[in-house]
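Asker: Given next are the chains, with one letter for each unit.
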Amino acid sequence: MTATLTRVNRVPGLLPGLTFLIILVLWETSTRVFTIPTFLLPAPSRILEGFDAVTVSRWLAHAWATLRVAMLGFLTAIVVSLPLAIALTRFKLVSSGIYPLLVVIQSTPIVAVAPIIIVTMGSGDVSRVLITFMISFFPLVVSMTTGMKATPDELIELSHSLKAPAIREFTQIRIPYAIPYIFSGLKISVTLSVIGAVVAEFVAAEKGIGYFIQFSTSLFKIPQAWAGLGILVLMSLTLFQIIAQTQRYFFPWSLPRESK
Amino acid sequence: MAVNTNVTPAIQFTDVEMTFDTRAGELIALQHVNLAINDHEFIAVLGPSGCGKSTLMRIVAGLLKPSAGTVSVHGENVVEPRDDIGIVFQKPTLLPWATLEDNVVFPMKHKFGRVTQEQRERAHELLKLVGLASLENRRPGRLSGGMQQRVGIARALLHNPDILLMDEPFSALDALTREEMGYELQNIWQEHRKTVMFITHSIVEAVLLADRIIVMSHGPGAHVAEDLRVPAPRPRTGDSMRLSEMQDLVSHLRDILMTKKVA
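So the protein sequences, as listed, match chains A and B.
Mapping the first sequence onto the numbering used here, position 218 (from 1) lands on 218, and the numbers just tick up by one.
Mapping the second sequence onto the numbering used here, position 242 (from 1) lands on 242, and the numbers just tick up by one.
The following block holds chain A by itself, in its conformation from the complex (with noise of 0.2 Å):
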């Protein structure tokens, strides 16, 4: 019997797959038996009738605006928390200085600002990007300083004693050696901004799955709402994916062992 589980657990995405499918079947059942009325849950039958509630293109197009605000959120935040958590490794004032106001900024439910943020700036794309960056970008800078802050002292030392440049000894010791705390960061980091695009879109859009989600509701189109999510988790899924092949092809050894 263990011996049989073993050897089911060895294929890839087996177990979780089959898990799936029964959740699924008990799903369709109990609302079929229980004739659950379907604006309080609609059976997977219906949801996927859903997904013919409108037509491929305005899907692509709901998908890509969403798919686009968060990806320039995301990148903005990369761009931001790199040079940020240098500096917070780099320099003490920096880091007693900001630190604490990055946490303040973390504890504020952006959820909250979102609206403010739409009066101040107006309801285009800055605003929207700007509310998934705020959402995304403090797992990152965290995670970012972290890895380099977990540098052996022994590395830093071999770099002092060779008196390197010290930009060297963030791009050839501290960078890369934070390279698997990033990556659990990015990871985080990718799939809070598509919640980002998503809470922007609820605040103010006239286009992306968000804001066809509220539309839906508001019409008590039930399933099309729960496709729209299940297009939102499949992207999710995809944009988490492609950061984890990412780590897995180009930095096979930042990866603990049992996963190679």
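Hints were generated in silico from the structure; no laboratory data involved.
Nothing here was measured: the structure is a model prediction, and the numbers come from that model.
Every residue gets a Cβ at the ideal spot worked out from N, C-alpha and C, and that includes glycine.
Incorrect hints may appear among the rest.
Computed cross-link-like contacts, BS3-like style, restricted to lysine-lysine with a CA-CA straight-line distance of at most 27 Å [as the list claims (entries may be wrong)]: (1) Lys-221/A to Lys-111/B; (2) Lys-109/B to Lys-128/B; (3) Lys-207/A to Lys-149/A; (4) Lys-91/B to Lys-128/B; (5) Lys-111/B to Lys-207/A; (6) Lys-149/A to Lys-163/A; (7) Lys-149/A to Lys-65/B; (8) Lys-149/A to Lys-109/B; (9) Lys-149/A to Lys-128/B; (10) Lys-111/B to Lys-128/B; (11) Lys-91/B to Lys-111/B; (12) Lys-91/B to Lys-163/A; (13) Lys-128/B to Lys-92/A; (14) Lys-187/A to Lys-207/A; (15) Lys-111/B to Lys-163/A; (16) Lys-111/B to Lys-65/B; (17) Lys-91/B to Lys-109/B; (18) Lys-149/A to Lys-92/A; (19) Lys-163/A to Lys-92/A; (20) Lys-65/B to Lys-91/B; (21) Lys-207/A to Lys-221/A; (22) Lys-111/B to Lys-92/A; (23) Lys-91/B to Lys-149/A.
Per the computed footprint, the stretches of chain B lying under chain A, defined by three or more beta-carbons under 8 Å from a beta-carbon of chain A, are [to be verified]: (24) 110–117; (25) 176–185.
For each label pair, taking beta carbons as the anchor points, the in silico distance ranges come out as [said to hold, decoys possible]: (26) Phe-20/B to Ser-95/A: 19 to 25 Å; (27) Leu-255/A to Arg-23/B: 37 to 43 Å; (28) Thr-99/B to Ser-95/A: 32 to 38 Å; (29) Val-94/A to Arg-120/B: 34 to 40 Å; (30) Arg-120/B to Val-103/A: 42 to 48 Å; (31) Pro-37/A to Pro-96/B: 54 to 60 Å.
Chain A is already provided as a structure; the job is to place chain B on it using the hints.
Answerer: Structure of chain B alone, referenced to chain A:
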């Protein structure tokens, strides 16, 4: 290297004092340290933990400035890190993303931004010297601690330094590997005759490897308590330890370290 007839010591400590600011106030780690290490000499610095042995090494390396007194290398005051010193750290701390060869040439890449073909060939020779030539294109990930530390030694020797500073380099290894590495280090030293300052808390290691053993007193305010010559001829083997004068030395060292008689 040419025979040095010059009497200037390779490393000289003159009245070195080191104090650290800690939360509990000022801590005097070293006080009145006076010591001269000759060219091509292998000395072991032995002492209880926390006696400032590593601090001593870091001052020579130019990584720490003494609070008072001076340290000179080949007659020049140490004010910053020097190019003629190689350091082997307690942990090998290799770069996990780089191959063994790239790890050995890393100091050059780090200092100058590029690595010459000659340096690569030298890295190859050094990896051969430490018995890892066949693994030079592997990454350190799966290597044992002993193998990693061999790479660390090759890395420290790359720029052919006159002085090798070793900070308890074998303390993280298992007993057997540790002994094996000791003999290997002796071979390397006999071939290259660097001036070696070897920090350790192992009496056996010190006795087996060193020409001279410097015993540090207990901190705070540690200083040189004893300066002992190791009588056995080289190359030393397991048999050397059976010589009666070596056993006397070992028991003497054990006495002064264990009973805290070190004044």
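Asker: State for each hint whether it applies.
Answerer: We went through each hint and held it up to the structure:
Taken as a hint, the Lys-221/A and Lys-111/B pair is broken in the structure, with Cα atoms around 65 Å apart against an allowance of 27 Å. Proposed proximity of Lys-109/B and Lys-128/B is supported: the alpha carbons are some 21 Å apart, at most 27 Å. For the hint linking Lys-207/A to Lys-149/A, the alpha-carbon distance of about 42 Å lies beyond 27 Å, and the restraint is violated. For the suggested pair Lys-91/B and Lys-128/B, the alpha carbons sit about 21 Å apart, so the restraint of at most 27 Å is met.
Between Lys-111/B and Lys-207/A the alpha-carbon distance is near 53 Å, which puts this suggested pair outside the 27 Å criterion. The hinted pair formed by Lys-149/A and Lys-163/A meets the criterion: a straight-line CA distance of about 20 Å does not exceed 27 Å. For the given pair, Lys-149/A sits about 23 Å from Lys-65/B by alpha-carbon distance, which is consistent with the 27 Å threshold. The suggested pairing of Lys-149/A with Lys-109/B holds, with an alpha-carbon distance near 22 Å, which does not exceed 27 Å.
In summary, the hint linking Lys-149/A to Lys-128/B is not supported, as the alpha carbons are separated by about 34 Å, beyond the 27 Å threshold. A distance of roughly 24 Å separates the Cα atoms of Lys-111/B and Lys-128/B; the hinted pair therefore holds under the 27 Å criterion. Distance restraint check for Lys-91/B and Lys-111/B: the Cα-Cα separation of roughly 21 Å lies within the 27 Å cut-off, and the hinted pair is therefore satisfied. A threshold of 27 Å between alpha carbons decides the hint, and for Lys-91/B with Lys-163/A the separation of about 21 Å falls inside it, so the pair holds.
Proposed proximity of Lys-128/B and Lys-92/A is contradicted: the alpha carbons are some 43 Å apart, above 27 Å. At most 27 Å may separate the alpha-carbon atoms for a hinted pair to count; Lys-187/A and Lys-207/A meet this at roughly 26 Å. With a C-alpha separation of about 7 Å, the suggested pair Lys-111/B and Lys-163/A falls inside the 27 Å cut-off, and the hint holds. At most 27 Å may separate the alpha-carbon atoms for a hinted pair to count; Lys-111/B and Lys-65/B meet this at roughly 22 Å.
As the CA atoms of Lys-91/B and Lys-109/B are separated by approximately 21 Å, the hinted pair is consistent with the 27 Å bound. Restraint check for Lys-149/A and Lys-92/A: satisfied, since their Cα atoms lie roughly 12 Å apart, inside the 27 Å limit. The straight-line distance between the Cα atoms of Lys-163/A and Lys-92/A is roughly 21 Å, inside the 27 Å bound, and the hint therefore holds. Restraint check for Lys-65/B and Lys-91/B: satisfied, since their Cα atoms lie roughly 23 Å apart, inside the 27 Å limit.
With a CA separation close to 17 Å, the supplied pair Lys-207/A and Lys-221/A stays within the 27 Å bound. Restraint check: the Cα-Cα separation between Lys-111/B and Lys-92/A comes to about 25 Å, which is no more than 27 Å; the hinted pair holds. At roughly 17 Å between alpha-carbon atoms, Lys-91/B and Lys-149/A fall within 27 Å of each other, so this suggested pair holds. With 3 residues having a beta carbon nearer than 8 Å to a beta carbon of chain A, the segment 110–117 of chain B meets the requirement of three or more and the stated coverage holds.
With 0 residues having a beta carbon nearer than 8 Å to a beta carbon of chain A, the segment 176–185 of chain B misses the requirement of three or more and the stated coverage is violated. A C-beta distance of roughly 22 Å is found between Phe-20/B and Ser-95/A, which places it inside the suggested range of 19 to 25 Å. Taken as a hint, the range 37 to 43 Å holds for the pair Leu-255/A and Arg-23/B, whose Cβ atoms sit roughly 39 Å apart. Between Thr-99/B and Ser-95/A the beta carbons are some 34 Å apart, a value that agrees with the proposed interval 32 to 38 Å.
Val-94/A and Arg-120/B have their C-beta atoms about 39 Å apart, which keeps the hinted 34 to 40 Å range intact. Here the CB-CB span from Arg-120/B to Val-103/A is close to 47 Å, well matched to the stated 42 to 48 Å. The hinted range of 54 to 60 Å is satisfied by Pro-37/A and Pro-96/B, whose Cβ atoms lie roughly 56 Å apart.
Hint compliance for this structure: hints 1, 3, 5, 9, 13 and 25 are broken, all remaining hints hold.
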